[in-house]
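S.K.: Which chain is which? The protein sequence lines are A and B, in order. The letter at position 88 of the first sequence is residue 88 when you use my numbering, and the numbering goes up by one with no holes. The letter at position 151 of the second sequence is residue 448 when you use my numbering, and the numbering goes up by one with no holes.
One should not assume that every hint holds.
Only pairs whose alpha carbons sit at most 35 Å apart, straight line, appear in this in silico DSBU-like list of lysine-lysine [claimed, not checked]:
no., chain 1, residue 1, chain 2, residue 2
1, B, 422, A, 185
2, A, 96, B, 314
3, B, 407, A, 96
4, B, 414, A, 205
5, B, 557, B, 650
6, B, 437, A, 199
7, A, 199, B, 409
8, B, 422, B, 407
9, B, 420, A, 199
Because the hints were derived from the structure by calculation, they are not lab data.
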Amino acid sequence: MEKRNHKAWLYLAPALVFLGLFLVYPLIDVFIFSLEEGYNFASQTSFGTGLYNFSYVLHDPYFLQALKNTFILVLITVPVSTGLALLISVGLASIKKLRNLFQTIYFLPYVTNTLAVGLVFMILFQKTPYSDGFVNLILGFFGVAPIDFIGGPYWAKMLVLCLYTIWVVMPFKVLVLTSALASVKQDYYNAAMVDGTPKWRVFTKITVPMISPTLFYLIITGFIGAFKAYSDAVALFGTNLNAAEMNTIVGYVYDMLYGASGGYPSYASAAAVILFAIVLTITCINLIVSRKHVHYS
Amino acid sequence: MKVTLQNLTKTFPARGKGKKPVTAVDNFTLEIQDGELLALLGPSGCGKSTTLNLLCGLLEPSSGKLFFGDDDVTKLPAQNRGVGMVFQNYALYPHLTVEQNIRFPLENLKGKDRPTKEQMANKVKEAADLVQIGELLERKPSELSGGQQQRVAIARALVKMPRILLLDEPLSNLDARLRLQTREEIRRIQRATGITTVFVTHDQEEAMSISDRIVVMKDGLLHQAGKPQEVYDDPADLFVAKFLGTPPINTFDGQVKDGKLFLNGAAVLSCDAPDGDVVVAIRPEGFLPGEGSFICCVQRLEVMGRDTSLVCNCPCFTGEHFRVIIDSDDTQKVTGTSVSFGLKPGKVFLFDKETGCRIRCNLGE
Numbered sequence: 001m002e003k004r005n006h007k008a009w010l011y012l013a014p015a016l017v018f019l020g021l022f023l024v025y026p027l028i029d030v031f032i033f034s035l036e037e038g039y040n041f042a043s044q045t046s047f048g049t050g051l052y053n054f055s056y057v058l059h060d061p062y063f064l065q066a067l068k069n070t071f072i073l074v075l076i077t078v079p080v081s082t083g084l085a086l087l088i089s090v091g092l093a094s095i096k097k098l099r100n101l102f103q104t105i106y107f108l109p110y111v112t113n114t115l116a117v118g119l120v121f122m123i124l125f126q127k128t129p130y131s132d133g134f135v136n137l138i139l140g141f142f143g144v145a146p147i148d149f150i151g152g153p154y155w156a157k158m159l160v161l162c163l164y165t166i167w168v169v170m171p172f173k174v175l176v177l178t179s180a181l182a183s184v185k186q187d188y189y190n191a192a193m194v195d196g197t198p199k200w201r202v203f204t205k206i207t208v209p210m211i212s213p214t215l216f217y218l219i220i221t222g223f224i225g226a227f228k229a230y231s232d233a234v235a236l237f238g239t240n241l242n243a244a245e246m247n248t249i250v251g252y253v254y255d256m257l258y259g260a261s262g263g264y265p266s267y268a269s270a271a272a273v274i275l276f277a278i279v280l281t282i283t284c285i286n287l288i289v290s291r292k293h294v295h296y297s
Numbered sequence: 298m299k300v301t302l303q304n305l306t307k308t309f310p311a312r313g314k315g316k317k318p319v320t321a322v323d324n325f326t327l328e329i330q331d332g333e334l335l336a337l338l339g340p341s342g343c344g345k346s347t348t349l350n351l352l353c354g355l356l357e358p359s360s361g362k363l364f365f366g367d368d369d370v371t372k373l374p375a376q377n378r379g380v381g382m383v384f385q386n387y388a389l390y391p392h393l394t395v396e397q398n399i400r401f402p403l404e405n406l407k408g409k410d411r412p413t414k415e416q417m418a419n420k421v422k423e424a425a426d427l428v429q430i431g432e433l434l435e436r437k438p439s440e441l442s443g444g445q446q447q448r449v450a451i452a453r454a455l456v457k458m459p460r461i462l463l464l465d466e467p468l469s470n471l472d473a474r475l476r477l478q479t480r481e482e483i484r485r486i487q488r489a490t491g492i493t494t495v496f497v498t499h500d501q502e503e504a505m506s507i508s509d510r511i512v513v514m515k516d517g518l519l520h521q522a523g524k525p526q527e528v529y530d531d532p533a534d535l536f537v538a539k540f541l542g543t544p545p546i547n548t549f550d551g552q553v554k555d556g557k558l559f560l561n562g563a564a565v566l567s568c569d570a571p572d573g574d575v576v577v578a579i580r581p582e583g584f585l586p587g588e589g590s591f592i593c594c595v596q597r598l599e600v601m602g603r604d605t606s607l608v609c610n611c612p613c614f615t616g617e618h619f620r621v622i623i624d625s626d627d628t629q630k631v632t633g634t635s636v637s638f639g640l641k642p643g644k645v646f647l648f649d650k651e652t653g654c655r656i657r658c659n660l661g662e
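Using the sequences provided together with the hints, build the complete structure.
M.R.: Structure follows, in structure tokens:
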């Protein structure tokens with residue numbers, strides 16, 4: 001038994017070493033950084049320890065803006081993208097002709113580069129001296145005055161960011177849900193059909209519970225992914241996100257480290273720890289809720 | 298509810314180039330009486346499950362008509378047929394409790410048909426008590442044994458008082474002992490409710506033991522329908538004769554000549570069939586040891602309590618060796634390796650060598 005144990009540790013060692021070096025150690029370091037006041041990279045010194053970094057970050061208007069943006073993004077994009085993905089995959093499952101073609105089309109955004117997609121969104125939404133953008137062109141037909149989606153009012157920018165995020169994250173969800181739906185046995189649908197079950201009831205009482213583990217997985221990873229949003233905002237609004245009022249928490253962390261106003265690892269660490277706490281809380285809430293509604297067979 | 302199948306045919310389109318379309322059910326005509334327990338019997342791939350799916354509406358026939366009573370339901374979708382179906386693997390919803398599973402069909406009802414909550418609870422209880430699972434209502438299907446799941450599936454199919462009840466291989470997922478018990482149970486429940494019931498099976502013993510009538514199918518064709526004993530005692534063709542009975546019927550190459558039936562060159566019975574080569578099928582219990590002219594070589598004697606089974610061979614038998622079942626009392630008549638048998642005329646059937654059709658004739662000592 002003892003000998004076997006040694007072997008097990010030997011096999012685990014490579015992964016443990018790398019995880020320890022690049023995951024566990026940095027994670028602990030972030031917590032330490034976040035408690036060291038006035039840490040200086042060059043001299044590797046700090047004035048002392050305490051909660052000042054957190055207090056600074058929580059009073060920083062840029063951080064509060066980033067917090068608000070992130071929460072709006074999460075609360076809109078996660079439910080909308082998951083719901084839409086569910087509808088699309090159920091739709092895909094119920095058609096026979098051209099299913100593969102549609103599946104490919106829906107999956108395309110996933111294999112497309114984020115920044116390239118950002119460029120397409122620019123063409124769709126950006127207002128330049130030469131053109132109002134494609135969306136404004138269409139809105140114009142309905143008599144709506146042109147809106148500056150990229151450099152205009154806050155709600156317009158947020159709308160574009162949400163649309164963009166939904167568009168980017170949905171293909172993966174469609175793919176996963178399609179395979180989950182395919183794994184539900186036809187017998188259940190046959191039984192429901194013979195019992196005269198209306199379509200909507202089949203969907204809510206059979207389809208959704210049967211794929212609930214997959215749905216739950218998508219919701220949890222969706223929340224975590226959306227809280228970590230950053231590159232999407234950069235793709236749309238450039239690197240100076242604070243000026244555009246479109247910064248996210250991860251963007252704030254980046255700015256505090258490397259941005260024009262950067263060089264504050266302590267503040268960055270504090271913001272990162274706050275993000276960690278938020279994600280942990282939300283995930284725990286998800287897990288508690290899921291106990292009642294997710295059915296593992 | 299009387300059910301009438303009129304020239305029902307189901308053809309599946311060809312899969313891939315160069316393949317022929319498959320006719321799973323071919324010109325099937327049958328009348329199922331009200332309150333009858335009918336078994337569709339046949340080897341796998343004979344179209345019995347397809348017939349069941351045509352009855353419940355999961356498949357639409359390519360041609361022919363289907364009536365429930367006087368209603369033409371050929372085009373009626375499954376939702377509106379009011380049939381109860383028990384699937385081979387039960388198809389119980391795993392995320393719902395037993396009680397919710399049984400209540401599910403009731404909750405689908407709309408308008409004035411929809412029972413109140415109280416009525417639903419009563420009906421669920423009634424159905425659960427009928428199949429004797431009253432104590433299991435709070436459990437999930439995964440916490441039940443195979444036999445219990447089977448009962449839940451039957452309760453779910455019965456709770457809405459279906460016009461007909463369909464069971465697809467209801468016993469195939471149960472172990473041998475449970476199978477015996479459950480088939481009695483199905484018979485009891487069917488009697489208690491009086492619902493016209495059709496069940497599909499490939500197990501002839503299962504079909505013979507509980508059904509009012511059996512329908513023997515092969516390659517989508519109805520070969521014979523009738524009361525189990527009648528079909529056993531009077532098979533329409535060689536396939537039916539071979540399919541029913543354990544141990545299976547023994548077939549020999551025989552000749553009819555001058556009003557006599559010859560086996561191994563010896564006249565064994567008188568026979569009024571036209572002269573020629575025939576297939577002679579004899580039930581294992583149709584042999585009388587020590588009394589006749591049919592001489593066989595006994596290889597082995599197997600005592601199985603009530604009966605004794607002789608493993609014999611003879612030149613005119615179509616296979617390796619065949620089984621003869623005799624009374625244990627007759628065992629002393631079997632001495633040595635060569636035994637002469639007399640034949641019981643009622644257990645001997647003649648079939649055409651080419652077509653396998655029955656040659657009806659009078660056989661005698």
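S.K.: List, from low to high, the hint numbers that the structure doesn't satisfy.
M.R.: none
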